[in-house]
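Trainee: If you follow the hints, you should be able to join the two separate chains into one complex; please do so.
Now for the letters of each chain:
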Amino acid sequence: MEESFENLSKHKKTCQRTVPCQFFAPQRIEEALEILSRYGKEIKIIAGGTDLLIQYYDRLYEVGSWLDLKNIKELKEVKINKNQMEIGAMVSHAQLENSEDIKKYYPVLSQAAADIGSPQIRNRGTIGGNIVNASPAGDLLAPLMAYDAQFKLLSTQGEMSVPAEEFFIGPKKTILEPVQLLTRIILPLPSERTYGCWIKIGKRKALSIATITLALVVEMDEDNKTVKDVRACLGSVAPTPIEIKEIRKKMRGKDFNQLDFAELGQIVEDKISPIDDIRGTREYRKDVAKNIMINALEEIDSSFGGRINE
Amino acid sequence: MSKLMIELTINGKKRKVKTTASTRLLDLLRDDLHLTGTKEGCGKGECGACTVIMNGELIASCLVLAPQADGAVITTIEGIGNGGHLDPIQEAFVETGAVQCGFCTPGMILAAKKLLKENPHPDEEEIKRGISGNLCRCTGYQKIFDAVKLAADRLSSRNGGRGEKDA
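Line by line, the protein sequences are chains A and B.
If you use our numbering, the first sequence corresponds to residues 1 to 310, in order.
If you use our numbering, the second sequence corresponds to residues 1 to 167, in order.
Pulled out of the complex, with its shape left as it was, chain B reads as follows (with noise of 0.2 Å):
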């Protein structure tokens, strides 16, 4: 298989990948790129444990071949967060209690960031939709939600109302 090279900004910055054609943008955050915290559930886009935001949209990295993501800009969950310090959304999921195995974390994590971004105030039947693309089999999603009320309401808070701020 001939390899291809492709450049991507990733988390702020830009990297260049020598691929093969048919390599999964998951396989390439994972494997190439060891940014393991996107994880491999289904690999069918059912349960979203490898949901990643891409050009401002969240998508299902074992869905999209990576050169499909050529000249991408892709947020995976290492890019949330500043070094030693959690995103608000983080901590409200630690608090909350919204983490057990954690598998589907760093999807959820991800989904939450996109929703409020966009509906900085959503209400629950907001909030089941923005996540409905990520499968828990720990939590029964209440935590979930109360994760994502109280990120919502401090993201609120600290920016004046405004919400989440860009990604």
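Chain A with its partners taken away, still in its complex shape (with noise of 0.2 Å):
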């Protein structure tokens, strides 16, 4: 009972706003903390808007103001800086489908962009846009988290730094304060035996929100075919995109050749809990989780010759 007034009382406020509904469209980052830290949650931060206005379709007169992030060109940069990747917020899906160096280094994340909604949500939506919004289906999360990605986020206060995994806590929930503002994502350089899948099962092709999600990234050791590192990521099963820790303890140190493809796909499906819902049912979701996880590890595999005949 209590919630159910206080949520009253706050739409009774937006409701009965006073102030004129302000647009801002900073040309510096400064300018943009300058307004976030004197607005706080009675601004709206917007990057591609291609979430926020569907949120927003029919109560956009509850905006108290926005505030526009087109103008600040340094959040529009992809650039490797020593042995990362530093991308901004403001980058499109359309830039890391089509950058040369994402494609090179991350191939995942830009296979996923190619698959985010369509070319006009692909060029106005935005890397920082899919990170905050923090969807549960947010196509770019689980290959962000397979490359152990670090998200910068700026205040007046100054910056801090935090591991993709950290800053998702549940659905539509992050850790980022709203006088915050997410201005690059940080991605190390992987090595060049660095491999990387990227599944995404849907209804259709395009404009279709994922049923479930798989970014797996196996980096080798020297030798090409002993298992250095490998993370195995997954959206759409459970509040907040997940890494599958299990499998890493399991391939770790494994010649990739003598894998069990199927016994890792079962861990796959053991260790998520999705829910039912409009997009697939909890049953669906485990059976394909254990597919595409067998899929992706073939794919992989292919991706190098396919096995060594013993």
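Incorrect hints may appear among the rest.
Unchecked claim - Here are some, though not all, of the chain B residues that point toward chain A, as calculated from beta-carbon distances under 8 Å:
#, residue
1, V17
2, S22
3, G43
4, K44
5, E46
6, G48
7, T51
8, A60
9, L63
10, I80
11, G81
12, N82
13, H85
14, G97
15, S132
Rather than coming from a laboratory, the hints here were simulated on the basis of the structure.
Note that CB positions come from ideal geometry on N, CA and C, so glycine has one too.
Mentor: Written out as structure tokens, the structure is:
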């Protein structure tokens, strides 16, 4: 009861807004941070708007003010800095899809971006928006976790760096404070012997929200057959994107040729607890999770010439 | 709600428009500028009826706030073709029967325009991907594919193999 009263009063407050709705589009990050520290929760940060304007489709009038990041050029850059890649939060899905550097170093991320929505959505939607929106079905989230991404959060109080897996705390919930801005996504440059596979299952190719996604990234040792490290990350199977850590335990240090793909698929099935929803049942998702894990391992296997005959 | 002034170049003409912070670009085009060729279907970016070309990119105008388009260069369906003369893409749509109820057509034409500008000789898969953000509930798409192919052939023969000219 208490909670519903609280909601009512919140609603009243937004409906009786007397301050005119404002639109800010600063050119510098510092200005954006100033505005954020001044308005906090009263302002909506807008990047591509491809999630936000759907969310506010029939209640745009509720938004107090907008902070548009479109004029901040440094948020649109993709650059290599020493041994890491820095991706600005305003980099669009189309940019990720087409960037030669992203295709070369992070093919799983590039392919995931290519599978988002439609050309219209990919031209506007951004990596930062996908992260901050924190949908359990966000297509870029499992790939970012699989590549060990760190997110840079900036406020007038300073900068902090958060690993992807600590950033998401629930469906559409993150640790981001209203005064903080996600500015950059940092990815370590992978070694040359890193292989990846992206699989998205949805009802149709275009404009589908994922029923399940898998981003599998395997790094081999110098012999190119011993597994040095691996991350199997899934979307749409839990309140947040998740890594199946047991896969790492099971595969690390093993000869890739000796792995039992069916067993690894079973581990993925056992370790997820998806829900029934409009895009698929729990049972379906569990079956598919196993099968796409096996498919992904087979694809990585064939990407370096198939298993060696004994 | 306070008014704010934005300036855009629409179909080659500079326009200054008074709008509000929460007005969608789609509503600005239709209601303020009376460019009603741009349609609203779902209002959620899924159907493509509101597609326009903004700063050279295909976008859904229902998912852009008008002030986000401040300073932008926009082409709507009214900017395609020249007065009484249809654009070759429009001609191809008419000839192949790719227009039935017509509601998706403005968005489809703009998606085709953008596709052929970037890729003058698309194969069937590339055409499918190029118009994947635009739904048509009448044609079953085959005639739209035919139209895009016909337009591609004509444009490349007219422009000496170079394909679509600048929009």
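Trainee: Quick one, is the I80 of chain B hint okay against chain A at 8 Å, beta carbons?
Mentor: violated (17 Å)
Trainee: Holds or violated: the hint that G97 of chain B contacts chain A, with Cβ atoms closer than 8 Å.
Mentor: violated (23 Å)
Trainee: When the nearest CB of chain A is found for T51 of chain B, is that gap smaller than 8 Å?
Mentor: holds (6 Å)
Trainee: Tell me if G48 of chain B is really an interface residue toward chain A, meaning its C-beta lies closer than 8 Å to one of theirs.
Mentor: Status holds, d = 6 Å.
Trainee: Min Cβ distance, L63 of chain B to chain A: is it shorter than 8 Å?
Mentor: holds (5 Å)
Trainee: Once the shortest beta carbon distance from G43 of chain B to chain A is found, is it less than 8 Å?
Mentor: holds (6 Å)
Trainee: Using the nearest Cβ pair, does E46 of chain B come within less than 8 Å of chain A?
Mentor: holds (5 Å)
Trainee: Is the hint on S22 of chain B kept, meaning its closest Cβ partner in chain A is under 8 Å away?
Mentor: holds (4 Å)
Trainee: Hey, does the N82 of chain B contact hint survive, CB to chain A under 8 Å?
Mentor: violated (25 Å)
Trainee: With a cut-off of 8 Å on the beta carbons, see whether K44 of chain B makes it to chain A.
Mentor: holds (5 Å)
Trainee: Would the stated hint for G81 of chain B survive a check requiring a Cβ distance to chain A of less than 8 Å?
Mentor: With Cβ-Cβ at 22 Å, over 8 Å, it is violated.
Trainee: Is the interface hint satisfied for H85 of chain B? The criterion is a beta-carbon contact with chain A at less than 8 Å.
Mentor: The hint is violated - H85 of chain B has no Cβ within 8 Å of chain A, the shortest such distance being about 27 Å.
Of the numbered hints stated above, those contradicted by the structure are hints 1, 10, 11, 12, 13 and 14, listed in ascending order.
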